[in-house]
Amino acid sequence: MLSPYRVLDLTNERGLLCAQILGDLGADVIQVEPPGGSPARTLGPFFQDQPDPNRSLYWWAYNRNKRSITLDYTRSEGRELLLRLAKDAHFVIESDMPGQLASLGAGYTDLAAKNPALIGVSITPFGQDGPKANYADADLIVLAAGGPLVLAGDDDRPPVRVSIPQGYLHACADAALGALAAHHERCLSGLGQHVDISAQQSLALATQSGILAAPLGADEYRRAAGGLKAGNMIAQLVWPAKDGFISCTFLFGSALGVFTTKLMRWLGEQGWCDAATANRDWIGFGAALASGAEPMSEYDRARKILSTFTASKTKAELLQLAIEKGFLFAPISTIEDVVESPQLRARDYFQDLEHPELGRSFRYPGPFVKFSESPIKYRRRPPLIGEHNRDIYCGELELSELEFSQLQARGVI
Amino acid sequence: MARLPLEDVKILDFMWVMAGPAGTRMLADYGATIVRIESPTRIDTARTLAPYQNNTIGPDASGLFSNCNAGKFGITLDLGNPRSREVIADLVKWADVVTESFSPKAMRAWGLDYPAIQAIKPDIIMLSSCLMGQTGPLATFAGFGNLAAAISGFYNVTGWPDRPPAGPFGAYTDYIAPRFTAIAILAALEYRRRTGKGQYIDQSQAEASLHFLSPALLDYSVNGRVQFRAGNSDPDLAPHGLYPAKGEDRWVAIVCRSDDEFARLCDAMKRPELARDARFATAADRRENASALDEIIGGWTRELEPREAERILQARAIPAHFVQNSREFYDDPQVKHRGHFVELPHSTYGKVTVEGPRAKLSRTPAHARRAAPTLGQDNQYVLEKILAYDEDRIGDLVASGVLG
Chain A
1 MLSPYRVLDL
11 TNERGLLCAQ
21 ILGDLGADVI
31 QVEPPGGSPA
41 RTLGPFFQDQ
51 PDPNRSLYWW
61 AYNRNKRSIT
71 LDYTRSEGRE
81 LLLRLAKDAH
91 FVIESDMPGQ
101 LASLGAGYTD
111 LAAKNPALIG
121 VSITPFGQDG
131 PKANYADADL
141 IVLAAGGPLV
151 LAGDDDRPPV
161 RVSIPQGYLH
171 ACADAALGAL
181 AAHHERCLSG
191 LGQHVDISAQ
201 QSLALATQSG
211 ILAAPLGADE
221 YRRAAGGLKA
231 GNMIAQLVWP
241 AKDGFISCTF
251 LFGSALGVFT
261 TKLMRWLGEQ
271 GWCDAATANR
281 DWIGFGAALA
291 SGAEPMSEYD
301 RARKILSTFT
311 ASKTKAELLQ
321 LAIEKGFLFA
331 PISTIEDVVE
341 SPQLRARDYF
351 QDLEHPELGR
361 SFRYPGPFVK
371 FSESPIKYRR
381 RPPLIGEHNR
391 DIYCGELELS
401 ELEFSQLQAR
411 GVI
Chain B
414 MARLPLEDVK
424 ILDFMWVMAG
434 PAGTRMLADY
444 GATIVRIESP
454 TRIDTARTLA
464 PYQNNTIGPD
474 ASGLFSNCNA
484 GKFGITLDLG
494 NPRSREVIAD
504 LVKWADVVTE
514 SFSPKAMRAW
524 GLDYPAIQAI
534 KPDIIMLSSC
544 LMGQTGPLAT
554 FAGFGNLAAA
564 ISGFYNVTGW
574 PDRPPAGPFG
584 AYTDYIAPRF
594 TAIAILAALE
604 YRRRTGKGQY
614 IDQSQAEASL
624 HFLSPALLDY
634 SVNGRVQFRA
644 GNSDPDLAPH
654 GLYPAKGEDR
664 WVAIVCRSDD
674 EFARLCDAMK
684 RPELARDARF
694 ATAADRRENA
704 SALDEIIGGW
714 TRELEPREAE
724 RILQARAIPA
734 HFVQNSREFY
744 DDPQVKHRGH
754 FVELPHSTYG
764 KVTVEGPRAK
774 LSRTPAHARR
784 AAPTLGQDNQ
794 YVLEKILAYD
804 EDRIGDLVAS
814 GVLG
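Respectively, the protein sequence lines represent chains A and B. Read in order, the letters of the first sequence are residues 1 to 413 in this note's numbering. Read in order, the letters of the second sequence are residues 414 to 817 in this note's numbering.
For the record, the hints were derived by calculation from the structure and aren't laboratory data. Fair warning: this is a prediction, and the values are worked out from it, not measured in the lab. By construction, the Cβ of each residue, glycine as well, lies at the ideal position given by its N, Cα and C atoms. Any given hint could turn out to be false.
[Claimed, not checked] Here are the simulated EDC-like pairs of lysine to aspartate or glutamate, each with C-alpha atoms no more than 20 Å apart in a straight line:
id : chain 1 : residue 1 : chain 2 : residue 2
1  : B       : Lys659    : A       : Asp155
2  : A       : Lys229    : B       : Asp791
3  : B       : Lys610    : A       : Glu396
4  : A       : Lys114    : A       : Glu294
5  : B       : Lys534    : A       : Glu324
6  : B       : Lys518    : A       : Asp129
7  : B       : Lys749    : A       : Asp129
8  : A       : Lys242    : B       : Asp575
9  : B       : Lys798    : B       : Asp575
10 : B       : Lys764    : B       : Asp791
11 : A       : Lys229    : B       : Asp662
[Unchecked claim] Sample of chain B residues facing chain A (criterion: CB under 7 Å; computed from the structure):
id : residue
12 : Pro418
13 : Gln466
14 : Gly476
15 : Leu623
16 : Phe625
17 : Val639
18 : Ala666
19 : Val668
20 : Ser671
21 : Met682
22 : Leu687
23 : Tyr743
24 : Ser775
25 : Thr777
26 : Gly814
Assemble the whole structure, with the sequences as input and the hints as a guide.
Right under this line is the structure:
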């Protein structure tokens, strides 16, 4: 879909997903790495646990459908080459700290000077400006600043993050969206512009709008093991199963209470609770708890009934019930369950990509959506360091063999 | 005011609850005109969800609903009433894109699936978003984003290794999938611009979200290793965690990405000798002795206000931030500087606050233009201004009860 367009990806480990999304959509993405390779290549885990820049699974995860060149653009010769590449590019994505590229003469303004249609995208922890713009960062830092962290975890321990880093991925997806919105406008105006992404702001979306509690004058959400607390209510989302855990939405009110009514009636029929409990007004139950008309002990009793039931069934049995009866149950899958999922297999989700350098192919998570006319294709496995130097420098920038080898000898490439 | 980037884009939006509407909301900010269909009888679940304006439940009180639907027009249509078809057909002709997020089969049951929509407008782009996708044994598995997040693996890798999974907060895939919804629509518009062809997009919210677990999925498919929840620890770095600050349930996140940062942390704590302590010489040593190290750091942070700990550490360029709740995020000078929150006029409450657009475009910035519609708020506007129906026709539709 984006096959006419070229993307220069200057990002480090913070920003790789953005250009991969554009590459999945067909763009020609050139990952520009420092000589020796991107710092993202040092991140594990590694293929067969052998640390090697071409075996980083973090690198593999976010660099398919890209080509790689090496270029030291902190040096003026390198910077000149970058400016030449930018002249024919449509997007440039970067994730250095604010002002860092500009200080090298390689900021968006420099790169767009000879190419006003260029769209520049910057992905940073806190955005390009403001009192925290230069804060030292990490996944855990932007999660703490952005709002989702305080909401997750057991209430007798510190809040807890997803063990697979998430912070910058939210920012990268916003960045791809911003780039495409700017591109849509460019098709009308012929002009590029700069897109500025703050991971802190992107993460606020991961609070289920709980971030609005203060301006609305509403209760702050607070974390509870496997759920959340708002006021005196605990919404429990993690429940025991015979062979692990499930998530179940057991809530009240005019929309969610309908599901709870259906579930409790059925549990009554099956003998898991008395008729009075099964048939009570579950839609109004939340409001009754909030007003004190019902004591919290009644809610605890209902949760006990449900958890005794779920603990007696396997994850698969509960999923089957969810499909047959429309109950809001889902298994809490392990990573293995996900990769082995019959649903994902039936949809041919995982894609095999061949790594000729290792003599075998590997199974990658598949397209993020299925397009009927222009399906996403995995055209290239993640590149080795500088794998496309010759193609791009000699083939496309038309450097002579001599110039190319001199640049190599000087360590620019 | 500068032209908005998507000013020429028109979307007919059947989506409801969270994952779907949050995606089209992003396009509304960039200027797309969006007409949202709501059932007059089966209320959108999102309208019932917290947080509530003034902490009070009410039909227009949901902050979640207003956050997901700002900038859109709303019309109520009873899809079970045959008179809805003429309105929908005209809206399809008007639209570039049709979106829906019901469980599969619902649109077919209404006679509004892609073949039916395409018959009305051959180059239409239609996107369906549901938990597991339109096909496969779990296609009809319906529910909310907490279920998709659980079945996609996010819950099991969030929490403490010695405890049941805690899960990320709430309907986690509903925070990821909407970005890919909006991206897919913009990509399909670009394809139609160049080829003249519309298409159908089948979005599984689970499949889109799995891109956020790619390294762990590869670790299993490549190495056979099943990654598990690991609290706040990092496989390479230490210290890496949340440390208690002064007050009840106050925490500060601290990470050292290098030995230099660790040495600076030791200075900040006025314990420079720790940087020379053999137990803490390298990241690997520090990981090995993490509990002793965490005890020392926690002893220091415990005496400090959370913001003070952050200030001391960031002044030395050490990654640190206190763990913010909504109030603290709202008051954060950085958040204020960036103009994250936007106040919009609202017919019930005078004004409501929503989050603004996240991607800042330098030349044609996006902005939230109007509050989310109250139920049926724009019936007249849509019929009269967008569809150019005359007064008699509108009166006839009202009398038929199709608007509720």
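task = Just pull the numbers of the violated hints for me, sorted ascending.
result = Those not satisfied are hints 2, 3, 4, 5, 6, 9, 20, 21, 22, 26.
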